[in-house]
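One letter stands for each residue in the lines below.
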Amino acid sequence: MKPLLLLLLLPVFGAALIALLSERWARGMAILSSLVTLLMAFWVTGQFALWREGPQLLEKTLWRPQSGSYFALGVDGLSLPMVLLATLLTFVAILASGGVEKRIKLYHLLLLLLETAMLGVFMAQDWSIFYWELTLLPLFFLINTFGGQRRNQAALNFVLYTMGGSVFMLIGLLLAYDASQFHSFFMSEMAAGLRDVAREHQILIFLGFLIGFGVKMPIFPLHGWLPLAHVEAPSPVSMLLSGALLKMGSYGLIRAALMLPDAVVALQGFLAALAFINLIHGGVLAWRQSDLKRMVAYSSVSHMGVVLLGIATLNQDGITGAMFQMVSHGLTAAIMFLMIGMLYERTHTRDIRDYGSLTHVAPRLAFFAALAFMASVGIPGSAGFIAELHVMIATLDRWGWPAAGMSIAMLVSAAYAVRTTGCLCTGPERSALGELAPMRRMELTAAGLLAISIVALGLVPAPLLALMQASLVRFGDLFAGRL
Amino acid sequence: MTWRDGSLLLLLMLPWLAALWIGAGLLTGRRQGEAWERSTARIALWAVGLSWVGVLGVDVWAWWVGMPGHRVLATWFESGSVTVTISLLLDAPALVMATLAGAGSWVTLRFSVDYMHREAGFHRFFAVLCLFAGGMLWIAVAGNVLLTFVGWEVAGLSSYLLISYARERAVAAENATRAFVTNRFGDAGLLFSMAMALTGVGTLEWPPLFQSLALPRNPPVPLLVLGLMIAALAKSAQVPFFAWISRALEGPTPSSAVFYGALMAHAGAFLMIRIEPLLWRTPFLMGLLLLFGLLTAVLAAAIARVQTDVKSALIFSTQAQLGLIFFECGAGQFELALWHLSAHASWRLYQFLLAPSYLHLGGMAMRPVPGWLARSHTLYDLVLHRGWFDAVTDALMTRPTLALARDARLFEEVVVNRVAGRPMRESVLASRAEWDDPEALLAPQVATVTQGRGLFGRLLEGVARYLHWFEERLVLNSSGDGLLKAVAFLGDYLERIEASLGQPRYLILLIVLTFLVIL
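Protein chains in written order, with the numbering used here: chain D, 2 to 484; chain X, 21 to 539.
It cannot be assumed that every hint is accurate.
To give an idea of the interface, some chain X residues facing chain D are shown, with a C-beta separation under 7 Å as derived from the structure [unchecked claim]:
#1 Ser59
#2 Val483
#3 Ala484
#4 Leu487
#5 Glu491
Just some of the chain D residues that point at chain X, by a computed CB distance under 10 Å [as the list claims (entries may be wrong)]:
#6 Leu157
#7 Leu161
#8 Gly225
#9 Pro228
#10 Ile281
#11 His282
#12 Leu286
#13 Trp288
#14 Arg289
#15 Gln290
#16 Tyr299
#17 Leu412
#18 Val413
#19 Ala416
Here are the computed distance ranges between Cβ atoms for each label pair [claimed, not checked]:
#20 D:Leu33 with X:Val507: 38 to 48 Å
#21 X:Ala428 with D:Glu346: 39 to 49 Å
#22 D:Ala405 with X:Ala428: 51 to 61 Å
#23 D:Glu346 with X:Gln523: 51 to 61 Å
#24 D:Leu33 with X:Glu54: 26 to 36 Å
#25 D:Ala463 with X:His488: 37 to 47 Å
#26 X:Gln523 with D:Ala193: 50 to 60 Å
#27 D:Leu33 with X:Arg516: 49 to 59 Å
#28 X:Ala508 with D:Leu22: 33 to 43 Å
#29 X:Ala428 with D:Pro364: 34 to 44 Å
#30 X:Ala428 with D:Thr446: 47 to 57 Å
Simulated from the structure, these hints should not be mistaken for laboratory data. Predicted model only: the values in this text are computed from it and were never measured. Idealized CB from N, CA, C, for every residue including glycine.
For reference, chain X alone in the conformation it holds in the complex (with noise of 0.2 Å):
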């Protein structure tokens, strides 16, 4: 690694290395309150920043001396004939996407240090942004697969951080599990294609991947892009995934504007644009990208139509905008999405960052619903319930899941705990019940503590019965008193012998018997 690849390494760990910081000091609890305010915002500009400018470097040096492309920087770990590196894929793409990513998070960050003043969960905040920050530029960077799934996962663990920032509102918390949840699918259909990359490719570097296309007859490659296709469908909110962010706004405004607004719901346009070379190699699947897309803008279009607040307002809008620059891509216009991607992240993060103060702007009155929307009641209907989205997945997914682990409730309690036995009695929550009363803290635990309880339990109480009678009556009686016993009476009896050895009568008898002897 040269000291130029490792620099670049250190800045684009720097958002990373400040959470780290950031959070623990929140760990130990010495970062708290109005007076920390300052250093916080402090290490996180500072970080962001830094890594930014470093991007931006790389902007530079990619326009004097050229794209600096594939760049293999250290192996993370080999494992069998699996050898995984941290690698950079820095083309016109990633470049664009980083600094988009560098600048969003710091102007975000800028723009919190006065929002968040006096929150109470500044710090903890300001942590998770930087988590963030670091998680996007990792996603545009990465040079392999599995480093752009670590980004994509921090993302998506922040967002969840955030969207529960008000932990204590349980619409807050269930929201964030929603939104979680689904983003679960897309990163099962990444971690799907990192599976189909391995075995029928044999590494997860892009480069490589793209160029493997070249082999004729490759049955994982389809699979493969589906997957990264479900994975950005996922993220980005569009068809079938569409009620998710809408569910996501919960959180502070400016980790709306640039979670959902500007950064992290283009992740998933962005993955595809990534993947260019893989799309044109399936037709089919590009098909689909642009049904979906076109699905996803015009619901999304209609439903921000009926929206009366503005956070709602804007992010079906941008759900609108993300469904074009996905027809886009499946239409194979992929420069002139990333271009869509970099104006809209852009302008849309003003919006947001704006939203707060839009009634003190003033003097905009709500338009009314367009007309043609108004006169059909089923047009009318599906817009203002979103499209049924959350209905179905609800019918579709979480009601069969919830029967399920009803079910297994039900086994788990009929069958497998007769079986394992119950828990103990000196359980913790039985431990809190017993503890105003007095009788319970003066008797011993009578009897819990050789008794088996379930099969297994029973079996050792029995087997544990008769080894005991064993070791009590066979071992250590024979060896404890037993042994004792028999030593006294030996001695006794030596004792007997030799009193009477001493007397005369004997010794005379001992000396003639040796005299015959001798003799």
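Okay, chain D solo, but in the shape it has when bound (with noise of 0.2 Å):
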């Protein structure tokens, strides 16, 4: 048995059940295999072994001998989490889709197609099927089909940001593979072939790579397609794009950096400057913004700058923060893109201007948009709380006092998430607001999976933690002696 090509297959069985049964089934359907595939994905964790470092449960078949290419899947301390945050969002994303009315079908298919894509690239260990060309085909149609009004422009455009940061990614990986010693696509034995290959050659692969998983992370500036996806995107869409859909490239990045050390050691300073401005400007970008969808979106890029910077520190707990956040900001963008939704959903504005007096209103859906803003800011109890804190700590321990600038992000998310929630749950009560619809049972299930989950991490960071733990050991090893 292959749990791993079971795993990556399962949303496909339901997607090819959805395309042959009847509308008025899809969304069962849609739930159902999206479930059995988180459970599949917890199955997975159980057979991990915590203390091994590599992959695991590996299946490799060798796929194209030429080119020394191989269909390779397996799961490592990295791949893991993301693969579990990745089927849980799809479960959420499906649990919330309730408010979609036409083409059901189409919708539900579609997600699920999205969900295995996402975890072929989580999953694979080579980097010819690391490939995340095959998100695009379902995305691309869930914004173009189901978006908002700019959503023709938004699609075409985020497709087309995606496929030119490709390009860049395949032509470093191409030079990669020429430069290699053993000449296969392997992750590990690419890895192993390039150790010894020059630096200034090393860094233009890395180059390459950079551009490729930084308009996906994003980073500045490369991030012009997100803000007009993520508002023009149905809000389920918005979550998994938010949520798991970033996490491809801060992943890439993390397994580039595996590959070329020297590369990573030479541009550090780079990265944590990028990361730098990627926290301050889409910080105050979002703090900018009176479009909730939006501010959240750009609040997306200042959160991705805490994964870059800790990935620039460049030692366990920089890496392990980085990781940490990823998963965190994953669940926190996803519950605020939820509550978002279910709010537009209501009242058909964005603005947060017309909002006001949730408490009295709808008392669930401001205890739920106040929990995940408050999570936003990363206070202690907070998955985010953990994961700020090792990069904050890595980042000291790496520049000393520049870290303030990290505060300083801190300082600002705090300032558009406190004005967010209070502009939300209190002040008079808007009658342009009218009766707000209570939360439906599939929304409050979907809501309280996430924010138990938040809470959960926050608490109780260790089982996360040991799940990383070897991997992440590895990573600080392969920097220590270079830096």
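Each of the two chains sits in its own frame; use the hints to bring them together as a complex.
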């Protein structure tokens, strides 16, 4: 039995069934299929040996002997949290999609295909199948068919940007393949083959990867696609886009860093500077927005800056924080988009100035919205706190006082989160809001799952840390001698 | 932990568990009204009664087998080199005090079942009294300073809660606060002692602390004893913490009886008896005890003579007796002090519980003010004003604190508010004011969202404006519309090439060129 292949194909089975069955069954089938996938991901986690580094449950089939590429799936401490995150978020996103009214079949089918594409990226152990072009197709149609007013522009823009980045990544990959002495796309073999390549050459290759992953992550100034795509996509898709798909960029960047350590050491300062710009730029612009969705989109830029900063410290604390932030931002961004989606569905406005006094009108919505925004600041007790603390410590350790830049970014993020919570929950009751329908059971489940995960990780981070430990130690050791 | 230790621990925790149980019922709103009175009373009586029986069992054990002494039951927590245990010190003073605490609490609870019948706060009263019973037990049996402190605090807190039992009355609330704040002075002393014990000796357990005194020149030790003494003086309302106890009678009579007549006021004296070995090493502090005890005794006895209500007269004579007990401690007669404490606590409990019935018992005319007191105006004034302790405290502590707070508020308004920015209009209070204003409901929150307040807010606003411009012009414009325009332009261009390529003459040209290359 090949558990990872099964995990990869489960959503496809679901999608196929949806295609065959009638419209009436589509939603139930999608929920069931994503739930089974989530349970399967947990089962895989149960099979995972905590203290062994390197890919486990490896399934490796020679694919193209001429180019030395394999169809290889495997999970390690870096990819398993991402797999769990992606499956959880897909499940939650499908739960939260009750508001979709037209073309239900197509919508759910595309979401499941998107899940498979994401899982493929996170479980790939060979660069030739580490290909996120597969995610572009479902996403393009999801945004283009179900999006807001400027959906066509947003979808096209998104695809063009990502493809443009991919070109650079492909060039980097081919250069790496060429330079590597083993001529293999298999990740660990390629990394071994690149070990003795000259530093200048490594830097060139890494820059290619950086542009490719930088678009996805996004890194300033390659984030132009992000606000538009996030705003125009339907909320459940925004959840996935921000929660799981951005993580493909940072995940790939960590993989590339493991492969080209000398280049990363040489570019460390540059990466850190980019991270600081991301942090401040995203945070300040998020503060400037009065459109809720746009605000969360920019806050994602800021939060991914934390991830980049964590990676740039090149020590174990930093990478721990970066990985933790990937998970925690996945959850908090998802719950924020979820809440905004619910509000929008009821009020048809995303302008924060139209809201007020939710605590009176819709106390449950107000509770979850407040929790979401507080979690995005990373208050103690939420997952973001653990992540930001790790990164903060690592940054202080590495650069000393410039770490204050990060605290400023956190202050800014606190400013907009508190302001938003205040505007949403308190203040005069807006008659424009009218009667807000209470949360449906599915929505409550979705928000509850995310909220519980955030708080649980914030209070008991140890299990997740243990899951990642072996890989993070390896990352730390790899750079300990080079700095 | 053996089963015997475990069950003893459980028995000692029972009153607190009962308080928790009744409190949980109160919190969920289930336990209220007359129908639940029987249940509440039964829980409280059984819990405290069983604890008491447990203590009696230890008494019998001590009689037959011998004093259990210091027993470590479990480790509470560890931090660095500090280990805090859950330990009991079961020697003669502890057992006497614990037996007294159990008995006094149980009797008072039983008395309150009828006395508090149909009172609105019946359940609340019983919950707090259980809390108090547990606190007193732990003060008695605690094997280390921290556990003593826990009991001490719980007793202080429950005293606060019961003084303000009639929480709708402003006087009750004020008196409760005053009593509590005075008690906090004592708590500060206890905390200080703990710090001294940890830094100077490195342990919180009583027995090693008693022995550590054998070490010559251990500078923190007099300070340690001083802290404990302050705590004891405050708890037992001795000079200079004289005034709070007479304000504490605001609560229901049974609580006055058990707190200030019988048990809690004696906790201070008990603490002095408990640290007997320590006191012997600090003769100067014993002298102070002597002095304060004597002062309190004389002053309180005189004040008691001029009181016109039963409870006040009783509380001042209690204070006088407590002063005597402290005097005995200061004189080194610790065993006498313990006897005195037990006898006085029992007798006073009876008297206090009887206080509401004195008028009915009847026939007792008020005694006139004794002649020696009536003759001296100064003395009479002093006594009538209860030694001016309240006034002095006000002048020395309360008023300066208030003045400081006023200054801080001024600073806040003039400097901090300007720098930090005024609070948002959408605060909860403002929203209440806008509640009835129809225009406010319709008007959107214009421009409040991206406007900064205060220094930091202004700065942020400026930076945000600049970055926004940058983002719109350079990032979004070039990527959003710009990118699409570029693609469209390129597409047009390619289309034109494509169209011309489709024309035959170019095709022929291409073929010719191909041939040329091949040839």
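Next on the checklist: Of the numbered hints stated earlier in the document, which are not met by this structure?
Outcome noted: 1, 22, 24
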